[in-house]
Each structure stands twice: as structure tokens, then as C-alpha cells.
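Visitor: All chains should be built: construct the whole structure from the sequences, respecting the hints.
Next come the chains, spelled out residue by residue.
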Amino acid sequence: MLRDVIATFDNPETRRGSRIQSAAKEILAQAAQFDRWGTLALMDISLRYRRTVIGPLWITLTLAATIASVGTVYAALFKQDIAGFLPSFAVGLIVWTLVATTLQEGSNIFVASGHLIKAVPAPLIVHVLQMIARNVLIFAHHLLIIVMLYAVIPWPLHWTMLLVLPGFAILLVVLLGGAVALGMLCARFRDIGSAIVSGLQFVFFLTPVIWTEDSVRGTAFAWLTRVNPFAALLDLVRRPLLSQPMDAEQWLLGLTYALATAAVGLVCYAKYRRRVAYWL
Amino acid sequence: MSTTAHIVLRNVSVTFPVLSFRDRSLRSRFVRAVTLRREAARPHIVTALDGIDLDIRAGDRVAIVGANGAGKTTLLRVLAGIYHPTAGSIDVLGRCLSLFDLSAGFDEEATGYENIMRRGLVIGARRTEIDARRAEIAEFTELGDRLDLPLRTYSSGMMLRLIFAVATAVEGEIVLLDEWIGVGDQQFRKKARQRLDEIVARAGILVLASHDVDLIKSTCNRAILLQEGQMTAAGTTEEILDLYLGGAGDRKA
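Respectively, the protein sequence lines represent chains A and B.
This note's numbering puts the first residue of the first sequence at 117, with every later residue one more than the last.
This note's numbering puts the first residue of the second sequence at 189, with every later residue one more than the last.
Errors might be hidden in some of the hints.
Said to hold, decoys possible - Sample of chain A residues at the chain B side, in silico, Cβ under 8 Å:
1. L163
2. K195
3. A235
4. R306
5. K387
These are computed hints drawn from the structure, not numbers from a lab.
Cβ atoms here follow ideal geometry from the backbone N, Cα and C, with glycine treated the same way.
Guide: In C-alpha cells:
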């Protein structure tokens, strides 16, 4: 018990060693302790079930209603084939919800856990891992919508659907790096949090969720889908899940984003994790 | 227990930026940068600890005395590894049990048993370890079936029993205490006192921040005096207490 407490001390050894290296070590060591943050996340979810009978399924229901109503209306408005549009919209919205909630909660994570951070010596990354695990569990609830949708509007199943796993892994790395960096930024500068909320809303409309890539092809907005990292990341999960082909370029782009966010997150963690307690 | 535990602080300083709303705002920074206003908008820096040198060896029972705001809690947080010193070095060897802010990690909505698990995980214990101690903790609280109820239904006395039982279920070679914990009704208070005494007796090192003179005299064999973040004196309990009480008396007069 409490064995990792000793590792967090600022002893001269770790000072001399590379800070980035010790930060990376701490993150990996904590990530391996699935038992700790995974159980805490599971308990968070079970508490939500206690507060309302269907718990996180409320969010699933809301999403399902949005998908059914907005999906059919937009399909008609944009004169899209509903069998093609609805699954893509549904998966897109569900993945977007994961991305947006994680980044939003991530930007508030250290402020929200401030009491704990100042009371118990624990690596900061635990709070982030717990938050992401919680949101992934909620995301898993939403997969129910996709299963139900498949029952109504089936799309071809192909072995390439398995590519959703590496796609999702890349997305999680981006979310982890992003949450750490945003969390630290927002702990220091408190007014960014609200900017992030409205920023995400703005990005939502620039990302092909309620509209499709095909519908902008050849128009002035086609570049939006190419420069928008959220569009690329969304496709890493959406396209495999809908058995749509992916090319190497898309994977490469996704990996680049993952590496970049992981690098930013790691540098922030190495540089500021010892300062965060003072900002709270 | 352990004879190897030690704490070595060399020239440890802690400075806090006290961030006003302006400093916390990126927008106002941006405005300042754009309008080229270079007026001294330095964040207010508070030196909570200043050049602390401290050697604590196994067997030491150290009392930290000082007025409110002298840096006692900050020093304990530095020893616990919550605050990382902004200057100087700290070397702590031994498992550290920090007994302050004991209610952190508890959830009102979760049951007593769930809270035992939550708090345990929060402080870094493994699930299996917590499961193994569950019965023992439950027995100590004497709360029985109430542990299946959500925490919000507990009276404050019951909650304190649970919090105390969970916090003291682990042992450490180094025990950090911010004021002695006294909890519950007469009967439980006695039991709690006994457990705390045992933990302290087994620990290699005790660091206690307190204002309770009698307690310090009966528990500690060394003391340090903090004044505005500086360690102004260190020595035996009697010397330091005389100095502290004398000084406090002077200031009052």
C-alpha cells in the first residue's frame, strides 16, 4: 500500500534524470494500474445508475432521439439517401460526443479534483485516466444505438471493421494528451474553460457529422475536411465501423495527430505536474 | 518497526503564486500584451517556506509549532509529496502515511463499503488489499449494516468513524499528522486514541503539527518552530515550547 507515493518525491535522482523520461515512466506505470482508475471509473458509472434507474442510458436516449429526429430531417434537407446518411450521422455523433465530453471534462479535470490533489499524494494522471475510462464506458452504452440502427438499416459487414480497434486507440491517445494539456492550461488560466466549450461547438459544425464529406466535394468547403483534425480522427472510428474503405494516408494522418498530441501532453506533464497543486 | 526511515530537507523553499482573477485570465494577459502595457502585473508571490533544512531520523517524534500561517501545513504537504518544493531538495525514505484531509475521496452517494474501496484506491492501494482489509475496517467502525447505506444518510459522528477507520487502516513508517484526530463519542474516542497511539508507536517517524502543548509534550521528543515560513529554532520539545509560548506571550503584550 502507498508504495507509489515514494516515487512521486522530488528527490535529486529524478531531478538529474530527464524530466520527460520520468514523466513518461509515471504515466505508463499508472496506465498499467488499470485496477485503480478502471475500478474508480466503474464506481462512478454505478453511482450514476443509483441516482437514476437507467443511469448513463439517459444520455444514450437523448442521443438516440437526436439521431432519429435530426438525422431524418437533415437527410431530407440535404436530399441524402437516408440509408447512407443515418448510420454515418449516428456513428459520427456518438464518437463526437465522446470527444467533446472528454475534452470538456479534461479541461476542468485538475480544478475539479483540486480537493483530492491537495489532500492525497497521487500522480495527476490518475484523475485523467479515470475520467477517460468513465467516458469510454458511457460511450459503450451508446453503441446500443448503433446495434439497433443496424437492425433497422443494415450495412455490409466486412473484416475491415476490426480496424476500428486501432482507430479507437489512436483517438484515445489524442484524448489523453489533449486532456492533460488542456487540464493544466485551464488550471492556470481559469477563463479558458468556457472558451473551450464554445470552441468545441464551433468545431462541431466544421466537422462532417451533420453533413457528409460527399456533400462538400467540389465546393469551397472541401478543404475543411482535410485540415480539420477532428474530421480525420472521427473517420478513424467511423469508416471502419461502417465497413468503408480507409487509405494509408488517413492512418498516417491519424498517427501524426496522436504523436503530436501525446508529445504536447507529455511535455506539459513533465514541466507542470509539480506546479498544478499550487494553482488550485 | 523500521530503523531506516529518514527525511532530509536541504534548503527547501516553497513559493506560491497567489493568482488574482486577473492573473488567472488569459484574456487580460492577451489584452496587456496587445496594448503593450508593461505595468507591473507581477503575480503576488507568497513565500510559504523559506530555506528549510531538516534532518529527521528514525525514532524522531517531531512537533511543528508556530502561529497560524507560519507554514506548518505547507511543510507537512511538502513532506507528504503533495507540494513539490520550488527550490532545494527533499529526500524521503519510507512509506508515508499522511493523516490530514481524511475525507477527500469520499462520495456522499456511495455506500460505506463503496467508500472504503474508493478512498483506498484513491490513496493508491490495490483492490485485493482493500478487499482483504474490508472486514477489519468495518468492524472497527462498529457501523454494522449501516455500511450498506449511502454516506449521505450518516450522521457526522458516523461519518467520522468511517473516515477515521479507513484512514488508519494502513500503516506507514512515517506518520504525518496535522493536529491530532479526535473523533466520535466518548467510547469511540478512546478507541481511536488507542489506535492512533499504536500507529504512532510503530512508526519510525512522527511529524505532528499542533497547537496542543500537552499533547506535544507527551508525544514528541523534538520540535521545530516556524515563523513566517522560516525555521527559526529547532531543539528539544521543552526549549521550543518555551520559546514559542514566550514569544507568543510577548506579541500579545
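Visitor: Now tell me if each hint is right for this structure.
Guide: Each hint tested on the structure:
With a cut of 8 Å, the hint placing A:L163 at the interface with chain B holds, because the nearest CB-to-CB distance is about 5 Å. At about 43 Å, the closest approach between the beta carbon of A:K195 and any beta carbon in chain B exceeds 8 Å, and the interface hint on this residue is violated. Against a cut-off of 8 Å between C-beta atoms, the interface hint on A:A235 holds, since the closest Cβ of chain B lies about 3 Å away. Annotation: interface hint on A:R306 holds; nearest CB of chain B at approximately 4 Å, less than 8 Å.
A hinted interface residue such as A:K387 counts as satisfied when its beta carbon comes closer than 8 Å to some beta carbon of chain B; here the least separation is about 12 Å, so the hint is violated.
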